[in-house]
Amino acid sequence: MRIDTEAFFVALADELNAHPEQFKVHGEADMVAALVMRKADGDFAVRVAFEGIRVEAVSEIVPADVVGADYYLDGPLPAWQAMFDDILANGAASGRLTINSLALLGTEIRLRGDDPMGVDKFSRFNQTLQEYLDGAARVAVAAG
Amino acid sequence: MTLTQDPTQTDRGNGDGRYDNLPTVSPLGNPLDWKWLRGAKSEWGVRPKIGPRGLTMLDIATGTYGDVPDNPTHRSMAPRGADIDPDTPDMGYILNKKSDVWAENVVELYEEAVARQWSATRDIPWGELRELPSDIEHAMCQVCTTLTEVEMIAADLPAKWMWRMNHDFLEAKMFLCTQIMDEARHAEVFRKRALANGGGLLMSRGQSEGLLRTIIEAKSYTQATALMHLLGEGFILDIFRMGELISPSPVEKRMFRMAMQDEARHVAYGTMHIRYAVEQDPDVAEEIHEALDHGEAVLTAFGTNQDFGTALAVLLGGGVEHVETKGFELQADMQRKQFASYLARCERAGISRLHRTKLPLELLGLDPNTILAN
Chain A
1 MRIDTEAFFV ALADELNAHP EQFKVHGEAD MVAALVMRKA DGDFAVRVAF EGIRVEAVSE
61 IVPADVVGAD YYLDGPLPAW QAMFDDILAN GAASGRLTIN SLALLGTEIR LRGDDPMGVD
121 KFSRFNQTLQ EYLDGAARVA VAAG
Chain B
145 MTLTQDPTQT DRGNGDGRYD NLPTVSPLGN PLDWKWLRGA KSEWGVRPKI GPRGLTMLDI
205 ATGTYGDVPD NPTHRSMAPR GADIDPDTPD MGYILNKKSD VWAENVVELY EEAVARQWSA
265 TRDIPWGELR ELPSDIEHAM CQVCTTLTEV EMIAADLPAK WMWRMNHDFL EAKMFLCTQI
325 MDEARHAEVF RKRALANGGG LLMSRGQSEG LLRTIIEAKS YTQATALMHL LGEGFILDIF
385 RMGELISPSP VEKRMFRMAM QDEARHVAYG TMHIRYAVEQ DPDVAEEIHE ALDHGEAVLT
445 AFGTNQDFGT ALAVLLGGGV EHVETKGFEL QADMQRKQFA SYLARCERAG ISRLHRTKLP
505 LELLGLDPNT ILAN
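Taken in order, these protein sequences are the chains called A and B.
Positions 1 to 144 (this note's numbering) are the ones given, in order, by the first sequence.
Positions 145 to 518 (this note's numbering) are the ones given, in order, by the second sequence.
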């Protein structure tokens, strides 16, 4: 499954929603995150809405619509691919390839948003987001 | 749902005169008026809708119970919305305006805090600690020493002010209680880490205490929260975000990630409290600016704390041998991000510091005109 598809992020949501025990330890989270993957043949963007201990909605959006999210994470597709490859290889993000470290370093994937309070939700619910992304290790992912 | 107007009215939807002939004197001879049963002047018949996650404070903020007065008329601990005797004692509250303590997100943050509690004993994989090179273990222990020292200010500070807050602002006080618990856990987790892997507590010097003293001695709660939530905790939040970069093992990574989530809640409260306070009374802005003028200067002194600063740089560089080539450079990058995120929060809080800040922007090559663009 390509990572630059809505189906991939829906699969991550299904994985998470099917295993609430993975999520519950982090507590409830209410946030709307967007991810943007920049690529030569047209950028891909997806909005993921977290509510309680579930992902309630996943939808592909045009990149310009990311402003409706609490925050968005923006980077080139190869950087995202490297992150998911690391998750697959290690079962969860490792080293400096966690979403927090990637966004903090900001060399490739950048944390952005118009509202600092929305951007702070990235920190407030960081482990929930990481758990969601780590679900990639448990769903079939085929690079590129 | 009804609001009983007449205290002598016997029917609150469940009386029908059944309570007319109740005893008028207790077995010990005290007079009884049965007012709670016959018609207290409070809203009755409240039926909040229970949501998928249970019954939250937001759910029960319904009808008059959801109304938080701008200027409460009494000074007692009587619960907001109850039929309160006019002769309830004055508890000595001095924060009696909603804008003194409130934030629009405080109820949401309280529920979030309750839902996202964790245990420093159980939720950190302490068993995965391994022996580290001496310089790395020393550096981690120094960072944890300083963090243990500074974290409890965010418990002491609300504790200093909470008993002075009017009880009608219950939700704000409840949120601050969660913050106190969070900070106790942070002090716990960093102290545990310092002592868990063959190291120990290291240096404590004056710069840290100077910052803490500035915060605890703030003249007003709003000044205190600007210094603590916006400035102090904002900077610590960014250090926790950095935690993964300085963590030699999954133990520290987990520790910093969990603490980061808590800290972000505190910053969210402080930012929105200041915004609310300034919106309600623009004159408060100058009071906050004055506090931050001083606080930023003290924070800069704290930032030059050689123990904490060099320990961070050693961890960022991956050892003393890389501290000059890599550690200090990465640390400067992190400081730029700290400054930018702090100044962005100030904007959000309604107190622009871009051209007033005492932080050494120039020293780090930052331009106040463009710092927020990235």
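In case anyone wonders, no lab produced these hints; they're calculated from the structure.
For every residue, glycine included, the Cβ atom is placed at its ideal position computed from N, Cα and C.
Heads up, a few of these hints could be off.
Stated by the list, open to error - No farther apart than 30 angstroms at their CA atoms in a straight line, the calculated lysine-lysine pairs in the DSBU-like style are these: (1) K24(A) x K336(B); (2) K336(B) x K241(B); (3) K317(B) x K24(A).
What the hints assert, rightly or not - Chain B is nowhere near these chain A residues, computed Cβ spacing over 12 angstroms in every case: (4) H19; (5) D41; (6) I53; (7) P63; (8) G106; (9) V139.
As the list claims (entries may be wrong) - Examples of chain A residues lying across from chain B (beta carbon under 7 angstroms, computed): (10) G27; (11) E28; (12) V67; (13) T107; (14) P116.
Tested hints:
1. K24(A) x K336(B): Roughly 25 angstroms separates the two Cα atoms, so the pair holds.
2. K336(B) x K241(B): 40 angstroms, violated
3. K317(B) x K24(A): Holds, at about 26 angstroms.
4. H19: 18 angstroms, holds
5. D41: 27 angstroms, holds
6. I53: I53(A) not clear of chain B: closest Cβ-Cβ about 8 angstroms, inside 12 angstroms.
7. P63: 18 angstroms, holds
8. G106: Given a closest Cβ separation of 8 angstroms, the condition is violated.
9. V139: 23 angstroms, holds
10. G27: 3 angstroms, holds
11. E28: Interface hint status for E28(A): holds (4 angstroms vs cutoff 7 angstroms).
12. V67: This interface hint is violated because 16 angstroms lies over the 7 angstroms limit.
13. T107: 10 angstroms, violated
14. P116: Since the shortest Cβ distance to chain B is 4 angstroms, the answer is holds.
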